[in-house]
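**Student:** The chain contents come next:
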Amino acid sequence: MSELAARGSRTVATPSPAGARSQPVIAVTDLVKTYQFHHQQAGFTGAIKSIFKREYQTRLAVKGISLAVRPGEIVGLLGPNGAGKTTTLKMLTGLLRPSGGEISVLGYQPWQRQTEFLRRIALVMGQKSMLWWDVSAMESLLLHKDMYGLDDAEFRESVDQLADLLDVRDLLDVQVRRVSLGERMKLELMAALVHRPDVLFLDEPTIGLDVVAKARVRTFLHDLNRQLGTTIMITSHDMDDIEALCQRVMIMTTGEIEYDGDLTTLVRTIQPRKRVRAIFAEIPDRTRIETTLPPDVELLAADDDAPETLRLEVPRDALGVVLERVPRFGALLDLDVSDTDVEEIVRDLFLHQRHPEVAS
Amino acid sequence: MTIGQTLRVIRRLFAVNIANTLAYRAEFFIYMFGSIITPIMALMIWRATLTSGASLPVDTRYLTTYFVLSSLAALVTSAWHQMWLPSMIRDGKLSIWLVRPGSVFFEIVANNLAEKAIKFLFLAPMVGIFWWFYRDDVVVKASVLRWIGFTACLLFGALFYFSLQALIGTVGFWWQDARAVDWFAGMVQAILLGGIVPLVLFPDWAQGFVNAQPYRYRFAFALDVLLRDMSRQELVTGFILQAGYAMGFAMLARWCWLRGLRSYSAVGG
Numbered sequence: 001m002s003e004l005a006a007r008g009s010r011t012v013a014t015p016s017p018a019g020a021r022s023q024p025v026i027a028v029t030d031l032v033k034t035y036q037f038h039h040q041q042a043g044f045t046g047a048i049k050s051i052f053k054r055e056y057q058t059r060l061a062v063k064g065i066s067l068a069v070r071p072g073e074i075v076g077l078l079g080p081n082g083a084g085k086t087t088t089l090k091m092l093t094g095l096l097r098p099s100g101g102e103i104s105v106l107g108y109q110p111w112q113r114q115t116e117f118l119r120r121i122a123l124v125m126g127q128k129s130m131l132w133w134d135v136s137a138m139e140s141l142l143l144h145k146d147m148y149g150l151d152d153a154e155f156r157e158s159v160d161q162l163a164d165l166l167d168v169r170d171l172l173d174v175q176v177r178r179v180s181l182g183e184r185m186k187l188e189l190m191a192a193l194v195h196r197p198d199v200l201f202l203d204e205p206t207i208g209l210d211v212v213a214k215a216r217v218r219t220f221l222h223d224l225n226r227q228l229g230t231t232i233m234i235t236s237h238d239m240d241d242i243e244a245l246c247q248r249v250m251i252m253t254t255g256e257i258e259y260d261g262d263l264t265t266l267v268r269t270i271q272p273r274k275r276v277r278a279i280f281a282e283i284p285d286r287t288r289i290e291t292t293l294p295p296d297v298e299l300l301a302a303d304d305d306a307p308e309t310l311r312l313e314v315p316r317d318a319l320g321v322v323l324e325r326v327p328r329f330g331a332l333l334d335l336d337v338s339d340t341d342v343e344e345i346v347r348d349l350f351l352h353q354r355h356p357e358v359a360s
Numbered sequence: 361m362t363i364g365q366t367l368r369v370i371r372r373l374f375a376v377n378i379a380n381t382l383a384y385r386a387e388f389f390i391y392m393f394g395s396i397i398t399p400i401m402a403l404m405i406w407r408a409t410l411t412s413g414a415s416l417p418v419d420t421r422y423l424t425t426y427f428v429l430s431s432l433a434a435l436v437t438s439a440w441h442q443m444w445l446p447s448m449i450r451d452g453k454l455s456i457w458l459v460r461p462g463s464v465f466f467e468i469v470a471n472n473l474a475e476k477a478i479k480f481l482f483l484a485p486m487v488g489i490f491w492w493f494y495r496d497d498v499v500v501k502a503s504v505l506r507w508i509g510f511t512a513c514l515l516f517g518a519l520f521y522f523s524l525q526a527l528i529g530t531v532g533f534w535w536q537d538a539r540a541v542d543w544f545a546g547m548v549q550a551i552l553l554g555g556i557v558p559l560v561l562f563p564d565w566a567q568g569f570v571n572a573q574p575y576r577y578r579f580a581f582a583l584d585v586l587l588r589d590m591s592r593q594e595l596v597t598g599f600i601l602q603a604g605y606a607m608g609f610a611m612l613a614r615w616c617w618l619r620g621l622r623s624y625s626a627v628g629g
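Those protein sequence lines, which keep their order, are chains A and B. Numbering follows this note's numbering, with no gaps: position 147 of the first sequence is 147. Just add 360 to wherever you are in the second sequence, counting from 1, and you've got this note's numbering.
The hints are simulated quantities; they were obtained by calculation from the structure and are not laboratory data. It should be emphasised that the depicted structure is a prediction, and the values quoted were computed from it without experimental measurement. Fair warning: there could be bad hints in the mix.
BS3-like mimics (lysine-lysine), calculated; alpha carbons at most 27 Å apart, straight line [unchecked claim]: (1) A:LYS214 with B:LYS453; (2) B:LYS501 with A:LYS128; (3) A:LYS49 with A:LYS128; (4) B:LYS453 with B:LYS476.
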């Protein structure tokens, strides 16, 4: 187990207040998935050899993970490519049959793909469309109405609510292939949610969307979770998605969960220092600053284009002292305190898992 | 899902597929024109053979009627999902069906029926012209019972062929691509289907095999029921074999499908 895993709670993270009283909707114990594939040497010789003799190799994509997700939680599953997060999501939705271990989602074994189970979950894949492209989105919604066995009143209410939340009422009668990518993603979400699933799985839901569309999707998911209590599990490479939505994150590397806990703890664990940026009316005296500040405060190099700006990295427990002393260095125009960018933290974490010797 | 729900989903998918299909009208016209060329050419060759004095076990009227009707029978019993099922498996597009309570076979059935409906609209006038051109030799003197038998055999033939194509498509779970299997099946079918050479024209020594092999039961047996005077024993054996192939291939395809799903790797995000 890595140092990080030891610091974070490895199996059960901080549940939401409502969730603390409930049984997990997703419970996974020692989950394993192996793939078999064959190696082929490049070139003509390799192709000929592979006809007569193939070397098969088994790859352990998921190495005995355990986790529990409680009702109403929004959990982010993070990790570099090949970490096993999408494989895990596919096992949770019943697309893949596990090679070992146990999974229970809403009390069902997903790989059995029982109709009752499928009625209570939804999966949105950013790169795969659930909509029929040559007809209107409403036609796809009506198909889902029949597929999920919704009655007319239920369907109307759900469509009205989702159309308002997603602001897509005008798009419902437009042929899907004629709408923009961002609009299509909102319609995808609508199709996935029209039956009001208890658990929503999202695989890269904002991939390819512009900043405005991303923000709308995030707001919608947040509102959905708050208003309907839908449990959401999300994989994304976009850290802004994770920051905006997830109370809890799981970090997977090479098929194992390295961290399971809340995002704030992760940030504090990986990067226990805050960043302070102060802008003065005139260039501050750096020698005086160095002698005045506590010794463990790092004074970052001055920017040639903005010599009036002072940038510091400060241990969290020294922040109070630093903020009290900074105004003494000159006429203060602006002051900003922030955590290190989460994306940077997670990137460092992944790098550390793969190459401990180069970690920052 | 209940039967009512299933039918509602298929009905709606049928409408969606009709809309999709109508977007490609020119393609359908060319496709249907191509599919009627085969029976026309085959008929011309066999009529020329008879005119040149060859001794065949059937006359001009049987051959003409057989080929005029075979183009429609071939359409009714056709299925093509073996072409796109493996690509859905290979590219992971099957996933979108596996996470919903509706089966991908609802879509396949709806697509099959919708395309056939549109193809029929294109094919019917062409067959009408074909029929009118050889009107003196197109003779169907069949009783109502024969027409019922013919219709039932076509439906069983459609089920058999649909199941066979599904079985070929499931090869995609293990081989990623079923084109080689499809090509091989196509080669065998070209000979044994009765689309170019009516099976009754095969030599006597081959008749036992030809009558027992599954491709006869796509549409050639149905045409025999309508056009030929078969003995009661031939009819009963034929019905039993056809039902057996239809049910047998359907069960085999289902078994392979369920086995295949276990090894499905759901490629892509």
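**Student:** Check each numbered hint against the structure and report the violated ones by number, ascending.
**Tutor:** Result: hints 2 and 3 break, sorted rising.
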